[in-house]
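*Asks:* Sequence:
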Amino acid sequence: MQAPLVLTMGEPAGIGGEIALQAWLRRHEAGLNPFLMLDDPQRLQSIARLHGWAVPVQAVAEPEAAIALFDRALPVLPVPLPAIPQPGIPDRLNAPAVLHAIELAVTLCRNGKAAAMVTNPIHKAALYDAGFGHPGHTEFLAALCDTPRPVMMLASERLRVVPVTIHVALKRAIELLDADLIVETARITAHDLREKFGIARPRLAIAGLNPHAGESGSMGKEDATIVAPAVERLRAEGIDARGPLPPDTMFHAEARAGYDAAICMYHDQALIPIKTLDFDSGVNVTLGLPVIRTSPDHGTAFDIAGKGIARPDSLIAALRMAATMAAHRTVPGTDVGNAQ
117 MQAPLVLTMG EPAGIGGEIA LQAWLRRHEA GLNPFLMLDD PQRLQSIARL
167 HGWAVPVQAV AEPEAAIALF DRALPVLPVP LPAIPQPGIP DRLNAPAVLH
217 AIELAVTLCR NGKAAAMVTN PIHKAALYDA GFGHPGHTEF LAALCDTPRP
267 VMMLASERLR VVPVTIHVAL KRAIELLDAD LIVETARITA HDLREKFGIA
317 RPRLAIAGLN PHAGESGSMG KEDATIVAPA VERLRAEGID ARGPLPPDTM
367 FHAEARAGYD AAICMYHDQA LIPIKTLDFD SGVNVTLGLP VIRTSPDHGT
417 AFDIAGKGIA RPDSLIAALR MAATMAAHRT VPGTDVGNAQ
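Each position in the sequence shown, counted from 1, maps to that position plus 116 in our numbering.
In short, the hints are calculated from the structure, not lab data. Please note that a few of the clues may not be correct.
Claimed, not checked - Below, simulated DSSO-like cross-link-like pairs (lysine-lysine); rule was C-alpha separation at most 27 angstroms, straight line:
1) 229 to 391
2) 337 to 287
3) 391 to 287
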């Protein structure tokens with residue numbers, strides 16, 4: 117990889133700075149590629165001093181400087197914060213800097229100065245108070261990239277899941293579900309599994325909506341009228357898709373060996389299995405963007421911010437996955453195997 121990864125600051129009152137510093141400390145044992153922080157160097161230095169972490173923080177003027185510097189110091193492209201962060205207490209004055217870091221990360225990725233972006237968790241309420249006009253992180257990235265349909269994937273070494281409907285009530289998820297939405301989500305997933313994960317012929321397992329995938333209509337008609345037609349369309353397009361499959365038998369080890377990603381109908385159907393299997397190492401991946409973006413699968417953790425006890429496992433997994441995706445993107449068609 118010729119360019120570094122780029123890591124955004126996230127919410128300054130959260131644990132993003134702490135886990136970034138700890139990830140750098142574990143860079144050798146975790147086998148991390150060089151990454152560049154977009155953050156306030158003084159903030160990071162203060163966190164390191166507070167917890168007694170031996171992390172030299174060095175400001176850089178250009179991203180490429182991070183490659184040579186990374187082994188001996190944490191390289192930081194400065195994004196100054198107007199207000200001194202207080203752990204657990206977000207300040208709307210810092211919202212423009214948080215957003216600028218995200219915007220800058222996208223720009224660096226799109227102009228080739230960064231190989232991929234990893235985003236620390238943000239606090240949407242603080243951004244809304246400052247006039248943020250997007251539902252969340254993913255939608256903001258989609259707008260910056262002029263991408264109409266981003267897709268959320270949760271991934272680990274053992275499982276990849278993609279929810280068709282995401283942060284809506286279960287009743288609303290059922291109302292939103294249709295064959296077009298399933299097909300579009302699966303198409304984007306299959307494309308990015310090829311182009312960003314290096315899987316030559318992605319295999320998709322399509323979950324049913326109802327128990328036992330509807331049990332021939334006795335437990336709901338949606339699997340026969342919505343999910344099955346979507347699977348037929350996908351197969352007609354040459355996508356290796358199977359389903360609708362009974363959701364309760366899709367996620368044991370033997371079943372997982374038969375597919376590369378599970379397309380699930382609603383949020384909890386996707387997230388419960390992966391968080392049960394890999395709670396600390398799950399990674400949030402945004403598919404459908406012209407850049408590679410991963411993120412830890414957790415929030416700002418205000419309740420433990422500033423205590424130095426936050427675990428960096430998910431961030432380390434996100435950094436490693438971003439590097440792997442960037443490497444496969446430069447060598448399309450390489451089959452890296454299947455999530456087990």
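*Asks:* Which of the numbered hints above does this structure break?
*Replies:* Hint check: 1 fails alone, others pass.
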